[in-house]
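Novice: Starting from the known structure of chain A, arrange chains B and C on it as the hints suggest.
Going down the list, the protein sequences come from chains A, B and C.
The numbering of the first sequence is numbering that gives the first Met the number 0, which starts it at 0 and goes up by one.
The numbering of the second sequence is numbering that gives the first Met the number 0, which starts it at 0 and goes up by one.
The numbering of the third sequence is numbering that gives the first Met the number 0, which starts it at 0 and goes up by one.
The set of hints was computed from the structure by calculation and includes no laboratory data.
Cβ coordinates follow ideal geometry from the N, Cα and C atoms, glycine included.
Just so you know, not all the hints are guaranteed correct.
Some chain B residues judged to face chain C by a derived CB distance under 7 Å, without partners named [claimed, not checked]: (1) Leu73; (2) Met78; (3) Phe149; (4) Ser152; (5) Ile154; (6) Val167; (7) Pro168; (8) Ile170; (9) Ile171; (10) Ser172; (11) Ser354; (12) Tyr379; (13) Val400; (14) Ser403.
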Amino acid sequence: MKKGLFVFLVLIIALGSVMAQEKVTLNVLNYQQADQAGYQEDVAIWKRFQELNPDITLNMEVLFNEPYHQKLQAYAAAGTLPDVFYVWPTARSAVIHEKKLAKDLSKLLGPDFLKDFSGAATDPNNQLGKYMAMLPQSFTYTSVMYVNKKLLADNGFDLPKTYDDLKKMVPKLKAKGINVIMLPDKDGWPMQSCLFSTVLGRMAGNSFVDAILAGKAKFTDKPFVDSLKVIDNLYKDGIIAREDNQVGYGEAPGLFVSGKATIYIDGDWRVGAYITDKASGKALIPPAAQESDFALLPFPAIPGEVNPGVLSAIAGTGWAISASIPAGSAKEKAAVRLIKYLYSDEVQAIRYSTGAYVPTRKNVKANVEPLVAKVPLFYAANPKTCYVFDGMFDPAVYNVVNDGLIAIGLGTSTPEKVAADVQKAYETWKASQK
Amino acid sequence: MPRVKVRPGILVLFYEKLEALQRRPKKRFNKRCKKWNAVYESLAISGVAMVHLNRVHLEEKRAYWAMVMPAFALYLLVMAFPIILSIMLSVSNYSGGKMFGGEKWGFAGFSAYARVFTDPWFWNALKNNLYIVLISVFGQLPLGFIFAYFIYSKIVRAPSFWQGVLYVPNIISVIVVGLLWQVIFSPHGPIAEIVNSIHASSFQGQLKAIFDGAGGFSLSDDVIKKILHLAGPSGQAMFSDPVPELRDLLASYNGQPISEIYTALSNLFVQKWSPAFLTKTDIAMLPVLFVILWMYTGMYLILFLANMQKIDAQIIESARIDGANEGQVMRYIILPALSGTIVNSAILAISGSLSSFALIFAMTGGGPSRVTEILSIYMYNNAFLGRPNFPLANAISLIMVLISVVLIVLTKAVEKRYGGKEE
Amino acid sequence: MSEMIKETKLQKALAAVGRGAVYIVMSLFALMTLYPIFWLIMNSFKTTREFQVSQLAFPRAPTLQNYVEAWKMGDFGLLFPNSVLYTLGATAGIIFLSLMAGFAFAKLKSRATKPIYNSFVIGILLTTQTLMIPLFLEVNLLGLYNTRLAVLLVYIGAGLPIGIYLATEYIKAIPSAVVESARIDGAGFFTIFLKIIVPMSVPVATTLAMLNITGLWNEFALINILVSKTELKSLPLGIYKFSGSLSTDYGKQFAALTIGMVPMLVFYMIFSKQITKGVAAGAIKG
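Chain A with its partners taken away, still in its complex shape:
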């Protein structure tokens, strides 16, 4: 009798625990491309989550670029957003933020979890909807000078600290067929995101942009025009080659490494292009050379700048939870577990080691190649940041800036004219918002 009761109790407990582990299925939309650095590691990360959490089944969809954006819009329109999805903090995923299609993570994750993340990451003002729809995995600097120290030294130059330093380099290098700065602008956004935003921050500052948004300043005012003039001068002085306006984004790293330019300007995410590709074992810049021959520098001092040393930076991408999951449900709990896993120390360390980005999670340690290790040092050395232009304005406006910068680069337009075009575009856009 006792034995029977015992067995019975064991059965009940077993049954109970099995039932308590309700099987939950989560739909996930991931953003990865098979040939990007870190693809294999990414696959492994998801596999590991499944192993650690057998009670959660993941239906994962992986897209990239255009198909991703199209699908996201379709999901948003149908109201069938995946439970956990990859998202941008600002304009690129505007519909998510503005229509509040993602849950507020500050409440779901809790201050205890969030204290391990940098202030910039947890500040809801860095996101379009002014609430924490997602947690940025990185806070990326869009304006980094990748400097080929060796090439400079071979030509008798030191690291440039001022605009004048750059200008002095031009004749000697150009005579050898080497450009001073390479900035591939065929796609239009690199010049605006990676250099112009910094210049605007230096010459005008965030307060100016805020003033424009509040209607108290115009693009045709001096600070903006002066910023455009700086870009104009960079081309006129020969520091940036005019033909770079036709060089494709994908071509540039190869060109830079083969010595066609001493400096390459891009965002910090571009380290990924230079480090070892785990699949083939080859790197554009061998690790040893990364350490000794290359350096990451902030853009030099510009004559007339009012905010010396600021660099444009913006919250990076991250994960969000769909707002249509019922609050308090098993699904929501599972989603939170997934998020916490994705942002955990182990996972962020893996991502860091692939050179994907520098995590906003504090104190993540990983074995990284020298060039990647330089990035957090770069952050620490340049703490002052300013807005990235396309994070603050609608495509209707920043596309005009992109086009204007190309025109300035080709010599077919002037700073004043571009400023006028941008102002007009802004006013038209504002009018259409009513």
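Specialist: Just chains B and C now, with coordinates in the frame of chain A:
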């Protein structure tokens, strides 16, 4: 009386009964029913005929619907719903987010259409699309026709080889075309290399003239000034103090072969070629149009060739015997026979040009600076990026449909006037 | 007499020159056609690093690595059969439905023909993008999201406008006497369709096959919207995995693109004779 075969059934039984009735040899009946017989007979026949015709009609109707419904139903499902939704959205104030069941949205008037028509970028995109339509209808079709004719009339041998080869571009994924495009036009690509070396040689020729004029290699002020003059204002702008700086620079080359100096100077002052024409309105469309021509001509070639081969060879034979030359054969036999195909191809070409998206998107993305933007890219930018503007995007889409309708109606009108039906 | 001979000689000479010119023009065109394919295949045997350094030269150390990796990473083993199913299945559906409806519109009388037929023609003009979001909504509503059926239905539906247009035009040209005599012999409409119209429609069916197979094989916008599970995806989606604008791995990208292209090339090489024969078979009219 036409023999109408009827399926066995009630009618036949009825008819047979009637026949049986007629055959009954009853005097009284005969006399009396002669008139009635006629009436019965005619009633019977017309009744049978009517029922038969009705039945045929019914059968035809049933067959008609049975054959049309699957296609029509599927079509409604797949295309009608989107069109209707598109029309609805274009006059709404829907702004993203869950479409049904989310925020309420409703009729908002035709402001989206007004915005499209007043947007200069719309007219830009429309213009580019019209270029494409023109090159398709007046480039691909004639070229395909001519090539088909060459193959058909055996002016070139190995017809299947040519057919195959010229059709191949159709099979290549647009991504490849886009990649090649980038490689070829890159400022570091093959065209650039050739152009740059040409420019460099001519510049160096002029340098040589300067040095020869000064009696050999020298760095006198005069020579320097002449070089700077050759360099032009853009070259001079890279120095703060041109004359001494240039002199110092050249002095640093002391001891090296003169060719090094020539190279250095041409690196400094010769503007490197870049496909700047790709940023100019209209001109930028030329390479794009060329690629479109290259890519789709093969398809029309096959269509035309196939239909040419359908022409009865004897007709041409007899025409030739009668003394007709190539031109006449073409005008009186081939062209009329192909008029239907030509019209079909024109319609295919027009609809294809207006809806084409992937190829141009892969090559130029509509840029740079929107100079190669076409209507479908214009619409895409408004529908799928960040904050989509659905009313606007759908308005554009419907305007595109309207334009296509207009063009196709025009095409059909032209056909009525100049073409002839095959029958 | 001698004048005639002289004339003929001159004509012959001109003809030869003309012929030469034609050969040159067509050869140029052919060269431009073949070069991209050659370029693609050549580069697919280069490693990415080698490509970044020299884009137009022969590979110095050809490697199959790209293909192996691309195939694995892109799950092409799964995608390939799907592509074949979608392309062939949808094409068959389009041809069958188009011929059937074409026959009805061309040879059967009904007042409904004009409006229905015209509504099909309007469908030729719609772009894929107009369809994308509404289709997505509809497919979700019907619970058909992530099903092969949905993909086939959408592909067939999208191909019907052109199919019906071409089929109707073609069948209109078939003499009605053929149909009438068959009717007199007591044949039902379906029998007439299957036994008479279909064999006579080989040319237009071949045309439709050609148009749709090459169009559907490379299609990716609609299928991206209709499925999310990898097991249901088609080749173009797998290829696109390697071809984004920030793409840096050219080696795998080219291998993936070649994998996508080869079946079409093979299909074309095998069937080009059939295609020409098929279309030409319509030359023998009854």
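Novice: Could you run down the list of hints and mark each one as holding or not?
Specialist: Against the structure, the hints:
1. For Leu73(B), the interface hint holds, the least distance from its beta-carbon to any beta-carbon of chain C being 5 Å, beneath 7 Å.
2. Here the hint on Met78(B) is kept, as its CB sits about 5 Å from the closest CB of chain C, short of 7 Å.
3. Interface restraint check for Phe149(B): the shortest CB-CB distance to chain C comes to about 6 Å, inside 7 Å, so the restraint holds.
4. Restraint check, Ser152(B) versus chain C: the minimum CB separation of about 11 Å is more than 7 Å; hint violated.
5. Given hint, Ile154(B) at the interface with chain C, holds; its Cβ is 6 Å from that chain's nearest Cβ, closer than 7 Å.
6. Against a cut-off of 7 Å between C-beta atoms, the interface hint on Val167(B) holds, since the closest Cβ of chain C lies about 5 Å away.
7. This hint holds: Pro168(B) has a C-beta 5 Å from the nearest C-beta of chain C, less than the 7 Å allowed.
8. Here the hint on Ile170(B) is kept, as its CB sits about 4 Å from the closest CB of chain C, short of 7 Å.
9. Annotation: interface hint on Ile171(B) holds; nearest CB of chain C at approximately 6 Å, less than 7 Å.
10. Checking Ser172(B) against chain C by beta carbon gives a least distance of about 5 Å; that is within 7 Å, so the hint holds.
11. The interface hint given for Ser354(B) is met, as the beta carbon of that residue sits about 4 Å from the closest beta carbon of chain C, less than 7 Å.
12. Checking Tyr379(B) against chain C by beta carbon gives a least distance of about 6 Å; that is within 7 Å, so the hint holds.
13. The interface hint given for Val400(B) holds, since its Cβ lies 5 Å from the closest Cβ of chain C, which is under the 7 Å cut-off.
14. Annotation: interface hint on Ser403(B) holds; nearest CB of chain C at approximately 4 Å, less than 7 Å.
The structure does not agree with numbered hint 4 stated previously, though it agrees with all others.
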